[in-house]
Amino acid sequence: MALMPKRVKHRKSQRGRIKGNATRGNKVVFGDFGLQSLEGGWIKAQTIEAGRIAAQQYIRGEGRLYVRLFPHRSITSTPLETRMGKGKGEPEAWVATVRPGTVLYELGGVTEDQAKVCFARLAHKMPVRVRLVRRRPA
Amino acid sequence: MADTLNVALREQLGTNRTRQLRRTGQVPAILYGHGEKSVNLSISIAEVNSAIRRGSKVVDIRGAVSDSALIRDIQWDAFGSTILHLDLTRVSADEKVHVTVPVELRGEAPGVREGGVVEHVTHEIEIECAANALPEKLVVSVNELHMGQSVVASDLELPEGASLLSDADAVIVHVVEPVPEETEGADVPGADGTEPEVIGGRKEGEEEGGE
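From first to last, the protein sequence lines are chains L and V. The first sequence runs contiguously to residue 154 in this note's numbering. The second sequence runs contiguously to residue 449 in this note's numbering.
Wrong hints could be hidden among the right ones.
[What the hints assert, rightly or not] Per label pair, the in silico range of CB-to-CB distance:
| id | chain 1 | residue 1 | chain 2 | residue 2 | range |
| --- | --- | --- | --- | --- | --- |
| 1 | V | 332 | L | 37 | 39 to 45 Å |
| 2 | L | 62 | V | 375 | 21 to 27 Å |
| 3 | V | 332 | L | 77 | 34 to 40 Å |
| 4 | V | 271 | L | 26 | 45 to 51 Å |
[Unchecked claim] Which chain V residues stay away from chain L? Per the calculated CB distances, all over 10 Å, these:
| id | residue |
| --- | --- |
| 5 | 256 |
| 6 | 268 |
| 7 | 275 |
| 8 | 283 |
| 9 | 316 |
| 10 | 325 |
| 11 | 437 |
[Unchecked claim] Just a few of them, taken from the derived set where beta-carbon distance is under 7 Å, the chain V residues facing chain L:
| id | residue |
| --- | --- |
| 12 | 273 |
| 13 | 317 |
| 14 | 338 |
| 15 | 340 |
| 16 | 416 |
Just so you know, the hints here were simulated from the structure itself, not pulled from any lab data. Quantities reported herein were computed from a predicted structural model and do not represent experimental measurements. In this text, a Cβ means the ideal position worked out from N, Cα and C, and glycines have one as well.
This is chain L alone, in the form it adopts within the complex (with noise of 0.2 Å):
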């Protein structure tokens, strides 16, 4: 199921612009690979999951999948058919608001090849570019 905050300070947020480069949340902290994004960007909730189910399937217990992306903000729309005004629609999704260079996935416990075939199918889901990096050195 989707994630989504259990508690929020406002229901509805403005859109906002995303601005610049990750500046956190940018190196590979808990596994030995990870997925990075080169684009900035909303993820929304179903795509974080439709993106955990690809590598986890693949990965089948082997290793150990992180997810580091998390869907705080809710986006808004009118139903269709819906005259002008009335005010701001209701919340329909949750997203997580993405900068280039965020790492979104991580994996540990897999060999470099197997972590370049997981993140392909898992990439398929993203609506960023992204690519695979390693740990910097210490």
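Given chain L's structure and the hints, the job is docking chain V onto it.
Chain V in isolation, oriented as in the chain L frame:
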């Protein structure tokens, strides 16, 4: 043997000049320590990359300055692909320094055949060691690791004269049962189509206040 970096003095400072320098295939760096004046340097990106990829901590500096230095800090770009700046500290051979050393796993754990998963929990540890005896990495053998067993930081074999600065009880690697795949709809907020609770929001059935 320590890697050698050929350095040149960097006289033109500032964001713009530094960017120009990077475009010519050089990395800006600074050398400080031992109570001497700090020196601004530039080093070829190829030399820096090869030293860092090899895991070198202590380097010999040649050229405008001749000294032995510890790579104290590396600044990367947002994507972690380009080195933007290096911090070098002067060190003498027998001086004790604090460094972060990567921990690498070797071998095959018998716990995997028992249905477990090898989980590498701590990838880097901090040690104090003489500059001339700094290890590039610490190797941990997992050949004896059965299901439920772990290796902690105090079990690591450190070079002679080195001491551990990280938590001695920190788990480096353990063999655990695989995490079961999350079942659909299990204990996830919003699984039943509800919305998250609004902090400070009005609860259902509560009367609207005001006039």
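Each hint tested on the structure:
1. 332/V / 37/L: 39 to 45 Å: The hinted range 39 to 45 Å holds for residue 332/V and residue 37/L, with Cβ atoms some 42 Å apart.
2. 62/L / 375/V: 21 to 27 Å: violated, 41 Å
3. 332/V / 77/L: 34 to 40 Å: Distance hint for residue 332/V, residue 77/L is violated at roughly 49 Å.
4. 271/V / 26/L: 45 to 51 Å: holds, 50 Å
5. 256: Holds, since 18 Å exceeds 10 Å.
6. 268: At about 19 Å from chain L, residue 268/V clears the 10 Å cut-off, so the statement holds.
7. 275: holds, 29 Å
8. 283: Non-interface label on residue 283/V holds, nearest chain L Cβ at 15 Å vs cutoff 10 Å.
9. 316: violated, 3 Å
10. 325: Fine: 14 Å to the nearest Cβ keeps residue 325/V off the interface.
11. 437: Answer for residue 437/V: violated, closest chain L Cβ roughly 5 Å.
12. 273: Given a least distance of 27 Å, the restraint on residue 273/V is violated.
13. 317: holds, 5 Å
14. 338: holds, 5 Å
15. 340: Residue 340/V check passes; min Cβ-Cβ to chain L is 5 Å, inside 7 Å.
16. 416: Check passed: Cβ of residue 416/V comes within 4 Å of chain L, closer than 7 Å.
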